[in-house]
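A.B. asks: Working from the sequences, and respecting the hints, build out all of it.
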Amino acid sequence: MSYTYTHVSPFQVLQRDPTTNSAQVIIDNKTVDLPVGGPYTINDCHNVFVGDIWIMAGQSNMRGHGFLKNPFTQQPLHLPSLPHVCLYDSTEHWRKASEPIHQLSASPRAVHHTLPDPTVANPQLLQFRGASLGLAFAQEYQKLNDNIPVGLVACAHGNTSLHDWQRPAEINQDTVQTTLYGAMIDKIRAVGNHIAGVLWYQGESDAVSLELSKTYEERFQLWLDLLRSDTRSDLPIAFVQIGAHRIDREEAVKGWRNVQDYQRKLFGYKSITAGVASLDCSLDDRVHLSASGLQTVGRRLARAAIQAMQKKAELATPICESATYEQIDLISTSVCSIRLSFSQMDDEWDDQKSVQGFEIENCTNGTCIIDAKIEGKDIRLYLSHKPTVTGVMYVTYGMSPQLSPNLVTKRGSALPAFKGLAVSNNK
1 MSYTYTHVSP FQVLQRDPTT NSAQVIIDNK TVDLPVGGPY TINDCHNVFV GDIWIMAGQS
61 NMRGHGFLKN PFTQQPLHLP SLPHVCLYDS TEHWRKASEP IHQLSASPRA VHHTLPDPTV
121 ANPQLLQFRG ASLGLAFAQE YQKLNDNIPV GLVACAHGNT SLHDWQRPAE INQDTVQTTL
181 YGAMIDKIRA VGNHIAGVLW YQGESDAVSL ELSKTYEERF QLWLDLLRSD TRSDLPIAFV
241 QIGAHRIDRE EAVKGWRNVQ DYQRKLFGYK SITAGVASLD CSLDDRVHLS ASGLQTVGRR
301 LARAAIQAMQ KKAELATPIC ESATYEQIDL ISTSVCSIRL SFSQMDDEWD DQKSVQGFEI
361 ENCTNGTCII DAKIEGKDIR LYLSHKPTVT GVMYVTYGMS PQLSPNLVTK RGSALPAFKG
421 LAVSNNK
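Heads up: the sequence shown at position 355 corresponds to 355 in the UniProt record's numbering, and the numbers run straight through without jumps.
Hint data in this document are derived by calculation from the structure and do not stem from the laboratory.
One should not assume that every hint holds.
[Unchecked claim] In silico EDC-like links for lysine to aspartate or glutamate, alpha-carbon gap of 16 Å or less: (1) K270 with D225; (2) K410 with E361; (3) K254 with E361; (4) K265 with D350; (5) K419 with E321; (6) K353 with E326.
Since the model is a prediction, treat every value here as computed from it, not as a measurement.
C.D. replies: Set out below in structure tokens:
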């Protein structure tokens, strides 16, 4: 039976029932079945659509903090509005989606005014910064889904930790106003209590604290489980592994690595949690992705969201599966290397770039990587000389932003950051 709506608003997206590919609306005491598409006019409500609704939650990189225009040339950097893409905005009304997606200072929820966010303290900042991943996500999602209408729900808030997003003991009239989690659940109810899934981009605030970073994996996994218990057990969630940064505080650098690696370990969790990388995306400051970087991530999230909906979330992003030491001995010399093999490859690696971002650890004789080359779907790391190792040698990727990690497939899927991949046959 299709999802049934008793009230609709202009520019509202009604969540389709995936079993019927339609939604139902009660009009003049009659139930009307509306197939995916639109725009429909229902009484005096125009531009009503049936499609998929996605929650946008997390902190500032989900809220969107990219420059809307080039500060020097004034050239627009954000995407324009798109056909059949609507937004349940920060005022909690449906409208045609346009940047900035989030305008937190206009929110009726107390939580968006009590937690710090630069766009709340100074709303005029949104004249310059506020480009997000939302429209790029919708554009790619439509491209892969026969131009299905998309509804976005603005729930993110900048500078927030996972603690700020924790589930309150009770979801009631107070906590839907005073907590981010409660507000998100209440917004899901407000748009009809049915959604396609959740888009999540968070972790930077936990990463800059070494202590918080150490428990991120179990806390994030618990958050995923609680969200599904409050919505539905098979809710698709697509999230972004935090990317590059330009922070030089040692504790924050270590914490960032922890959070990145813990997030990677949850790629494919329960086959309905899809993760994507953002390492290769450009920045507008020390931690915030640029408009173009966010658009790249948005497109990846669209593909990942579809994999999560199909319960194939583990296929969303390539993963480095193994590292093998290989050596060829020639006359008076040896060629030493590590061959990396990968799973979940959607295509071959883009060979238009020189491969960067890999490091080796636990060598005691100064062995280093002097080159990295693509070999089909494998990568070969060429070493300066034969490594001497006490214990196990490890490969890491993306853990040092200054190395500019850039490994991407021809379809645009990027390798996520990882650490501690043991090298076999290395003695």
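A.B. asks: Would you check the hint for K419 and E321, treating anything up to 16 Å between C-alpha atoms as holding?
C.D. replies: holds (12 Å)
A.B. asks: Measure nothing beyond the straight line between the CA atoms of K265 and D350; if it is 16 Å or shorter, mark the hint as holding.
C.D. replies: Roughly 24 Å between the alpha carbons, so the hint for K265 and D350 is violated.
A.B. asks: Tell me if the straight-line CA distance from K270 to D225 falls inside 16 Å.
C.D. replies: Status holds; Cα separation ~10 Å.
A.B. asks: Hey, K353 versus E326, does the alpha-carbon distance stay inside 16 Å?
C.D. replies: violated (24 Å)
A.B. asks: Can the restraint linking K410 and E361 be considered satisfied, given a maximum Cα separation of 16 Å?
C.D. replies: violated (29 Å)
A.B. asks: Hint check: K254 vs E361, CA-CA at most 16 Å. Holds or violated?
C.D. replies: Holds - the C-alpha atoms of E361 and K254 are around 15 Å apart, at most 16 Å.
When the structure is compared with the earlier hints, violations turn up for hints 2, 4, 6 and for no others.
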